[in-house]
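Listed below, chain by chain, are the residues.
There are 4 protein chains.
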Amino acid sequence: MQDRLRIAVLGASGYTGADLVRLAITHPRIEIAALAANANAGQAMADIWPHFAPYPALPRLIKADAIDYSGIDAVFGCLPHAASAELLGTLMDKRIIDLSADFRLKDAGTYADWYGGAHPAPALLPDAVYGLTEFAKASLPGARLVACPGCYPTAVLLALLPLVAAKAISAEKITVNALSGVSGAGRSLKQANLFPEVAEAVHPYSIGAHRHMPEMEQELSLRAGRAVTISFTPHLVPMNRGELVTCIVETPHGADYLRDVLADAYTDEPFVHLLPGAQAPATRMVRGSNHVVINAFADRVPGRAIVIAAIDNLVKGSSGQAIQNFNLMFGLPETTGLEQAPLFP
Amino acid sequence: MQDRLRIAVLGASGYTGADLVRLAITHPRIEIAALAANANAGQAMADIWPHFAPYPALPRLIKADAIDYSGIDAVFGCLPHAASAELLGTLMDKRIIDLSADFRLKDAGTYADWYGGAHPAPALLPDAVYGLTEFAKASLPGARLVACPGCYPTAVLLALLPLVAAKAISAEKITVNALSGVSGAGRSLKQANLFPEVAEAVHPYSIGAHRHMPEMEQELSLRAGRAVTISFTPHLVPMNRGELVTCIVETPHGADYLRDVLADAYTDEPFVHLLPGAQAPATRMVRGSNHVVINAFADRVPGRAIVIAAIDNLVKGSSGQAIQNFNLMFGLPETTGLEQAPLFP
Amino acid sequence: MQDRLRIAVLGASGYTGADLVRLAITHPRIEIAALAANANAGQAMADIWPHFAPYPALPRLIKADAIDYSGIDAVFGCLPHAASAELLGTLMDKRIIDLSADFRLKDAGTYADWYGGAHPAPALLPDAVYGLTEFAKASLPGARLVACPGCYPTAVLLALLPLVAAKAISAEKITVNALSGVSGAGRSLKQANLFPEVAEAVHPYSIGAHRHMPEMEQELSLRAGRAVTISFTPHLVPMNRGELVTCIVETPHGADYLRDVLADAYTDEPFVHLLPGAQAPATRMVRGSNHVVINAFADRVPGRAIVIAAIDNLVKGSSGQAIQNFNLMFGLPETTGLEQAPLFP
Amino acid sequence: MQDRLRIAVLGASGYTGADLVRLAITHPRIEIAALAANANAGQAMADIWPHFAPYPALPRLIKADAIDYSGIDAVFGCLPHAASAELLGTLMDKRIIDLSADFRLKDAGTYADWYGGAHPAPALLPDAVYGLTEFAKASLPGARLVACPGCYPTAVLLALLPLVAAKAISAEKITVNALSGVSGAGRSLKQANLFPEVAEAVHPYSIGAHRHMPEMEQELSLRAGRAVTISFTPHLVPMNRGELVTCIVETPHGADYLRDVLADAYTDEPFVHLLPGAQAPATRMVRGSNHVVINAFADRVPGRAIVIAAIDNLVKGSSGQAIQNFNLMFGLPETTGLEQAPLFP
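Residue numbers (the numbering used here), protein chains in the order written: chain A, 1 to 345; chain B, 1 to 345; chain C, 1 to 345; chain D, 1 to 345.
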């Protein structure tokens with residue numbers, strides 16, 4: 001057996017951290033060396049996570065500052081924004097995969113506008129790699145700090161970046177309606193996320209003002225070569241996992257042309273799948289897996305098309321993509337530890 | 001006690017028919033005289049509907065042609081399209097409230113294009129009243145045949161008609177993303193509607209080609225004074241009831257102006273509620289009731305706004321609006337029998 | 001129109017209080033005079049309850065001690081245990097319907113054992129009527145203080161009391177497995193009740209030690225004429241509302257005999273329904289309504305039978321039964337304001 | 001890389017077959033050589049299974065009689081009962097893992113009583129191994145035909161067999177209440193399994209007469225050394241996957257003693273986990289995995305205890321256990337291909 005890389009996970013008491021641990025447990029090249037969660041330090045993972053009951057041998061949770069970093073090869077940050085940059089800024093001799101929002105935006109001013117405070121470590125921003133894996137492959141092997149995209153940006157950018165880059169669609173008048181499962185809201189105690197508040201119901205939130213907007217606009221602008229502003233309305237759907245984005249775009253081309261561009265872009269990608277014919281993406285196609293399904297459709301309004309993508313928000317939208325980035329940072333095959341097929345039903 | 005009006009319900013074995021019966025049971029001016037469902041003729045309602053177990057005295061299901069129409073004051077049609085027009089066309093000496101699609105479109109050619117066959121009774125189309133109650137109040141008292149709108153058109157038109165009529169928004173470039181509970185798909189046996197196919201998942205369907213599109217375009221065009229085409233993408237959400245439409249519109253005005261127009265339009269309406277401030281509509285606000293909640297929001301893209309509405313697809317989107325129309329046809333107070341407050345959680 | 005009775009609701013910020021208000025809104029003889037919720041005093045009901053968005057005219061929430069009790073006819077207590085007795089003990093010149101656990105147990109010592117503290121008002125216990133309506137009809141008209149049963153006891157006792165009273169089943173070896181929707185856990189912030197913790201899952205809780213056990217045992221013992229101890233295991237089911245209890249009992253009689261006893265007991269009851277034949281009770285039969293469905297079945301083990309009942313935990317299991325008790329206390333027809341038919345789907 | 005064993009899956013169009021394929025895709029020693037589903041022959045797996053959209057290279061579905069069995073090492077039968085025995089009876093030169101009910105009962109007469117017809121291949125019954133893996137380890141390496149237990153028997157027997165064998169509990173008066181997700185009902189078209197019929201609801205079914213009863217009684221009788229009859233009531237819960245059984249048993253011993261017996265029985269088992277302390281089993285602990293969680297609790301009734309187990313009905317309750325059996329039949333490590341950690345949330 002090959003040597004394992006030793007990882008530390010900071011923030012193992014959130015859904016993102018837990019899903020990272022789920023994937024790391026069966027990753028053949030990972031050894032989980034340390035799990036940190038300040039508020040739960042001293043507890044076993046199985047004490048706070050029911051699904052780790054069968055894994056009593058997982059490391060006990062400790063405080064982040066109690067980690068012995070000497071033998072750690074990689075640090076995964078699953079902390080809230082601001083707290084993440086503050087802590088990770090002290091660990092820059094390690095290779096870091098950050099799942100928070102802190103290193104996604106290149107501009108510290110934009111960060112301050114959307115996240116309500118000055119950036120804790122602006123000096124690190126220039127070197128952070130924006131880890132939308134399929135578009136970061138050249139940078140990942142040498143990266144020291146990778147900022148994993150938000151879940152919505154992952155789905156939207158995978159759907160639109162190749163089309164914008166190829167000028168197949170206009171970078172103006174992009175309208176995105178997004179649907180997310182409730183795990184995206186995290187495990188913190190909010191009345192809005194109690195089962196009876198969410199079940200048998202649906203509603204929009206952060207209308208026209210979601211924090212993932214500047215991140216999408218940054219990356220779209222980069223490819224479009226000009227400032228892009230989008231309409232984006234997320235909705236909370238009564239399901240645990242899954243995210244689906246429906247993008248109405250302006251284009252002089254037909255849906256078939258858009259499909260061709262997407263097919264070219266993703267032909268060698270193990271996780272991004274253009275669906276055949278007019279098959280509609282669905283979150284059940286990717287549940288629990290790192291896969292992405294995409295398709296493009298004709299709209300009834302001339303000059304428009306509809307591009308739709310679905311992911312599992314906790315996997316490709318978060319922890320799975322983090323592992324995918326880790327794999328490429330350390331020279332492993334991209335799919336290592338991410339082979340799980342989707343769980344349906 | 002006042003006299004009761006005797007009603008017959010055709011198609012009482014579908015979700016729409018059943019919800020009509022649910023409301024009729026407690027309607028103080030309705031007597032349920034006959035319930036028809038050809039495939040289930042001979043059975044008690046409680047045999048096919050679990051929730052009518054406490055109502056063993058409901059009329060037994062019979063075949064539609066076994067109904068004695070002599071003492072019937074009103075006929076509610078809850079039949080599939082085509083079958084509906086075929087049967088109702090023979091009953092024109094009665095006052096009819098039809099919940100099918102058959103009398104919604106004024107143009108028999110459009111009907112044929114979207115519903116896959118010639119209209120069974122085109123001669124009746126000119127006199128049918130399009131029963132979006134809030135916009136049909138002048139016509140309902142004298143109406144003999146009322147076509148209740150589809151569920152999506154009900155939500156979309158209540159959100160947009162006053163704005164289009166007031167020219168507060170452009171009739172071009174309207175983009176609607178819609179979310180519906182599974183009851184909208186009916187009770188017929190389709191693999192796609194089995195619990196494990198739908199639960200813990202979400203997906204779009206009828207992309208760019210849903211049968212409710214021509215109906216919305218007909219009514220929008222009427223108010224706009226020109227032909228309107230919209231982008232419309234419905235999604236299936238894992239909930240029983242509820243429908244939410246998110247409309248991105250082009251407007252030179254701010255959201256506050258749109259709110260003013262909506263407030264004016266609905267100030268005296270008992271069932272349509274403009275939410276205060278920036279409160280987001282949610283299906284849980286209206287579950288099981290005939291209420292509608294609406295609000296308008298600023299978009300991040302200049303020149304755009306977002307208008308959102310939520311209804312219960314089986315009540316205001318179907319059977320409740322049918323009762324509301326019935327009330328006005330027969331000179332009853334509009335809210336009679338529709339007073340139930342929403343069920344939450 | 002007849003005069004309305006003016007009510008005050010204490011604890012209007014919990015699911016129980018909200019469902020009471022839902023029912024009171026359409027009750028033809030109730031005027032909601034005051035709504036109290038200390039932590040939310042100053043807010044409108046619609047601020048904290050999405051489904052009251054269509055009811056902006058509801059009284060604003062105030063602190064309990066700010067209520068002017070002078071014109072109040074009845075007080076509904078929807079407070080947590082202990083807090084309830086403490087406050088209600090000061091209001092004994094009013095007629096009180098309490099939905100907390102405080103006045104259900106006749107023995108203050110048992111209360112202290114199960115609820116973790118001395119009873120705040122033991123002097124009131126002797127006069128409190130245990131408000132399982134169908135078994136309290138003689139006492140309700142003269143009652144000043146009515147203790148509404150817990151949700152589980154309501155379902156279990158309606159299923160078993162007539163059988164125990166008729167000695168049709170043994171009072172020994174009663175085994176109850178119970179299933180409840182999540183609203184039973186209340187609206188307070190607990191990680192265990194977050195949507196992702198509950199959805200797509202099921203688990204037992206309070207195994208062998210649920211606080212509703214002494215209450216069931218008290219009432220069973222009373223009818224059996226001897227001390228009864230039961231096995232009781234509740235489970236949390238991913239649904240908002242509904243409760244189903246499956247009781248395995250020892251009996252020398254067949255299921256048909258048990259059905260006869262139940263039929264006799266409930267023949268004139270408007271809300272309790274013995275299902276025909278071998279139809280199984282289901283929570284969907286009663287959702288949102290005050291109805292109860294019951295049936296008895298043969299077991300495969302000789303000398304045993306299975307008795308099953310289903311209710312809506314927030315209605316017959318809580319607020320609906322409270323209204324039912326109120327109706328009888330004030331000489332109104334028992335079903336007043338409780339006519340809503342079940343909501344399905 | 002080691003050679004792969006070539007498998008054929010008969011009945012790949014049901015949930016059981018699909019979940020077997022899901023697990024086989026990532027099993028390092030399996031090559032999926034043939035997938036049969038008569039009604040869907042000619043279609044791609046991704047045509048009928050949304051979650052196989054990312055796996056276009058899976059073998060196309062063919063008719064069972066079109067399989068070239070010459071190079072097949074093992075046949076997995078995922079067919080309905082009767083059809084299974086009929087077809088598998090013709091393939092006895094292959095090693096067979098059958099997931100149907102056909103070879104579970106040793107007595108053809110019992111089979112006829114419960115499954116409504118004479119057994120199609122009674123001559124095969126004596127040699128069939130009842131594949132409750134943990135109790136069949138001696139027989140599996142040499143087995144030609146393995147009958148995988150039903151989902152309920154898997155959970156119940158893992159909870160109770162060691163206790164019955166050790167005479168720690170009485171074999172009399174065993175009461176089991178069981179809760180299952182909807183996938184257990186299969187993918188066939190039944191109104192009862194439509195989303196709106198099941199969601200936001202719960203109900204019992206097959207009361208006192210479920211087909212899994214004789215199977216449980218057969219195995220319990222075998223260990224008890226006498227005929228055992230149990231009370232068993234299954235309930236349908238609105239979730240896709242998961243099964244939880246709550247067993248009330250008579251015992252002279254305390255729960256701690258039962259825990260000791262279970263701990264001894266499963267100390268070396270990779271998939272069966274006795275939970276620590278008084279932690280309650282929950283289906284979310286095992287979702288999507290082959291794990292089982294078990295615990296024993298004191299009951300309030302003296303002389304009784306409560307034993308509870310949870311599994312994923314499609315994995316340990318069906319396809320996962322089939323793979324586990326396959327592994328042992330072919331001399332592979334028991335956990336091969338079954339390492340997936342549970343999916344939560």
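There could be a bad hint or two in this list.
[Said to hold, decoys possible] Under the rule of at most 20 Å between Cα atoms (straight-line distance), these lysine to aspartate or glutamate pairs were calculated in the DMTMM-like manner:
no., chain 1, residue 1, chain 2, residue 2
1, A, Lys190, C, Asp256
2, C, Lys190, A, Glu339
3, B, Lys190, D, Asp47
4, C, Lys167, C, Asp47
5, D, Lys190, B, Asp47
It is worth saying that the hints were derived from the structure and are not from the lab.
Structure-based check of all given hints:
For a cut-off of 20 Å, the pair hint linking lysine 190 of chain A to aspartate 256 of chain C is broken: about 49 Å separates their Cα positions. This hinted pair does not check out: lysine 190 of chain C and glutamate 339 of chain A have alpha carbons roughly 35 Å apart, beyond 20 Å. Of the supplied pair hints, the one linking lysine 190 of chain B and aspartate 47 of chain D holds, its CA atoms being roughly 16 Å apart against a limit of 20 Å. Only pairs whose Cα atoms come within 20 Å are accepted, and lysine 167 of chain C paired with aspartate 47 of chain C is rejected, the gap being roughly 51 Å.
Taking the CA atoms of lysine 190 of chain D and aspartate 47 of chain B, the gap is near 16 Å; set against the 20 Å cutoff, the hint holds.
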